[in-house]
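Colleague: In order, the protein sequences belong to chains A and B. Those letters in the first sequence? Residues 1 to 400, per the working numbering, in order. Those letters in the second sequence? Residues 401 to 646, per the working numbering, in order.
Hints are not guaranteed to be accurate.
Some chain B residues close to chain A (C-beta under 7 angstroms, calculated; not the full set) [what the hints assert, rightly or not]:
no., residue
1, L471
2, D472
3, R492
4, R498
5, F504
6, D513
7, G514
8, Y527
9, G529
Not close to chain B: a few residues of chain A, all C-beta gaps over 12 angstroms, as computed [said to hold, decoys possible]:
no., residue
10, L63
11, V180
12, D182
13, V189
14, P198
15, D217
16, F218
17, G292
18, L349
19, Q358
Just so you know, these hints were derived from the structure itself, not from any lab. Just so you know, even glycine gets a beta-carbon here, dropped at the ideal spot from N, CA and C.
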Amino acid sequence: MSATIQGPARLSPTDTVRVGASGLTSRPLRSTLSALGIAIGIAAVVSVLGISASSQAALIAQLDTLGTNLLQVQAGQNFGGATSSLPLTAEPMLSRVGPVTTVASVATVSAKAYRTSYVPVGVTNGIQVKAARLNLLDALAGTMAQGSFLTKATENYPVVVLGATTAVRLGFDTLIPNSVIDIGGKTYVVGGVMASMPLAPDIDRSALIGYPQAERDFAITGSPTTIYLRSTPDQVDAVSAVVPGTVNPANPNEVNVSLPSDALQARIATNDAFNSLFLGLGAVALLVGGVGIANVMVISVLERRSEIGLRRALGATRGNIRSQFLTEALLLAGAGGVAGVLLGAVITLIYSSTRSVQFVVPVTAVAGGIAVSLVLGAIAGLYPAVRAARLAPTEALRSV
Amino acid sequence: MSQVTVLTPQPIDRGDDPRDVMQLVNVRKIYPGPVEVLHGVDLTIKAGELVSIVGPSGSGKTTLLHLMGTLDQPTSGQVLINGIEVSSLSDRQLSAFRARTLGFVFQQFYLIDGVSAVDNVANGLLYSGVSLGRRRELAVRALRRVGLGHRLGQPPAKLSGGERQRVAIARALMARPAIVLADEPTGSLDTQSGDGVLQLLRELNTDGTTVIVITHDPAVAEAMDRQVTIRDGLIVSDVVTGGVPR
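Work out the full structure: start from the sequences and follow the hints.
Modeller: Following this line, the structure appears as structure tokens:
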């Protein structure tokens, strides 16, 4: 009598998935709840990455339009600690530096701006007034929200242009023609309101008048307080290095040069720091989700001993049983991962539409989210699957 | 009621006769404890027999079924199925062997909840490398054969006890096994459903399948052609009845 014994038949991939899924579909509520743990973790991670990518995309787009080639030059402190001033020659000297394309300046005026002359000076500090060059708007890549900027004509007259914040504080959300405000006891007509300028927040908080008018009314010397200059983008560092010596050859150390776009870039970096906090929380949620799946799988193996016994009697190998429970865990975690990615994308979409920023979900977050959930599923399912496979058929069939 | 003829115990000829599908030679089983459940059982079953193994609870009959079903290995002695020594096979080979040669029917049916009758029956060939389409086709045929052609899509929860056991029998006969082992197949059923199930097993036997039924119920045992009585781990009688249907 021939005693050749054939090896077991292989279970097709479709059958493997069907068998794995049958354990889940027969307990829909439990499956949903245990997948939810993973889904919440993945959703947290994906939405954090999506929201930060969306807002970074907005910041980067803003940086692109504003440019990273703007330098801001201010008088520093002298050796004695007093605030020094920029020499009158600073502007013409800077415009002679080769790569410098635009030079504009403002000079702080001692007088303050008030809504009317009846506002008691003791109650409020008033609003900072600055004399501004006509090309300031160009240099800062700013735009007007209402009205127009100072012109060759209006810089010689009592006309004021308000920064975005100033306009709100003085009640010029909408500009009524021929509105006037009080600057140092003199009446100025509001000629326009500027849009917010992320590169020069102090301009937002100021009221700007023309240099000739400021010299006439408030006796400024004409020496600038702050100079804004643009250089060709690849020469920013070189220009920045020569600025102090050019502005104040005698005391170059009394000149402060800064790159306002650094502040925006710092904001992007700050976002990243926040992100790691939320990503950490997401990772904890994922871990809890993984433990949840492991827990459910262990219970499932205990509950389904008779099913395991039956399958062994029907000819399932230990490997068949192991892959059944591993597949089940993978399906559970994979479904949670996909649901989490979708949920995270929806959260990002809601955020980006309310903040009217670009909707971005990084591909790495999507692929990584699903990959992480599958890895978690595999880890969570491994122990229960091995336990199920080790169960002796007779023990599994023993009626409870 | 029925005539009983006492026979002398069958001589043990080890695999010489190709008609011997199941041979137990001096089989002992000791569980940790130690509890000796089987004290040297010798039993030969020929192809096409309809045998009952009857005994009170604790007599070792379920252990005997597990050994004959290759679900467990004897502590000593030999179990030969179709002349193959079971203990010489690896766990993987045993799985394949069960898938192809043995069919099981259990008292608790062991149907998978939430899966239709057809798919439960189709599982009978799940581990035999048969495609899903073919499995379902055969499952429908098997269900019709057990008289459940009208219940194909029903989940086990919607079936009566007798219908569930018939689904389980359909599953067992899917792979056309040489031997069907039934452990208290009527234990959870009322008399009428139980009789239907026994009738079905008898029909299966008529088609050439060796059927071994484990039971504590003498009435069920008497419905089989041959009755092997076991008590305290030893075969105490081995008789042939007239096979009168009850």
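Colleague: Next step is simple, just say for each hint if it's right about the structure.
Modeller: Now for the hints, and whether the structure bears them out:
Satisfaction of the interface hint for L471/B is found here, the shortest Cβ-Cβ separation to chain A being roughly 4 angstroms, below the 7 angstroms cut-off. Residue-level restraint check for D472/B holds (minimum Cβ-Cβ distance to chain A is 5 angstroms; threshold 7 angstroms). Hint status for R492/B: holds, given a least beta-carbon distance of 5 angstroms to chain A, under 7 angstroms. Satisfaction of the interface hint for R498/B is found here, the shortest Cβ-Cβ separation to chain A being roughly 5 angstroms, below the 7 angstroms cut-off.
Given hint, F504/B at the interface with chain A, holds; its Cβ is 4 angstroms from that chain's nearest Cβ, closer than 7 angstroms. For D513/B, the interface hint holds, the least distance from its beta-carbon to any beta-carbon of chain A being 5 angstroms, beneath 7 angstroms. Among the interface hints, the one on G514/B holds; its C-beta lies about 3 angstroms from the nearest C-beta in chain A, closer than the 7 angstroms criterion. Interface hint status for Y527/B: upheld, as the beta-carbon distance to the closest one in chain A is roughly 4 angstroms, under 7 angstroms.
Interface restraint check for G529/B: the shortest CB-CB distance to chain A comes to about 3 angstroms, inside 7 angstroms, so the restraint holds. No Cβ of chain B approaches the Cβ of L63/A within 12 angstroms, the least distance being about 57 angstroms, so the stated non-interface status holds. With a cut of 12 angstroms on Cβ distances, V180/A stays outside the contact zone with chain B, its closest approach being about 80 angstroms. The beta carbon of D182/A sits about 81 angstroms from the closest Cβ of chain B, which is more than 12 angstroms, so the claim that it is off the interface holds.
Every beta carbon of chain B lies more than 12 angstroms from that of V189/A, the smallest distance being close to 80 angstroms; the non-interface claim holds. With a least CB separation of 59 angstroms from chain B, P198/A remains clear of the 12 angstroms interface cut-off, as annotated. The beta carbon of D217/A sits about 88 angstroms from the closest Cβ of chain B, which is more than 12 angstroms, so the claim that it is off the interface holds. The claim that F218/A lies off the interface holds: its Cβ sits roughly 86 angstroms from the closest Cβ of chain B, which is beyond the 12 angstroms cut-off.
With a minimum CB-CB distance of about 22 angstroms to chain B, G292/A clears the 12 angstroms threshold, and the non-interface call stands. No beta-carbon of chain B comes within 12 angstroms of the beta-carbon of L349/A; the shortest separation is about 36 angstroms. Consistency note on Q358/A: stated as away from chain B, and its beta-carbon is indeed over 12 angstroms from all of that chain's, at 46 angstroms minimum.
When held up to the earlier numbered hints, the structure conflicts with none and fits them all.
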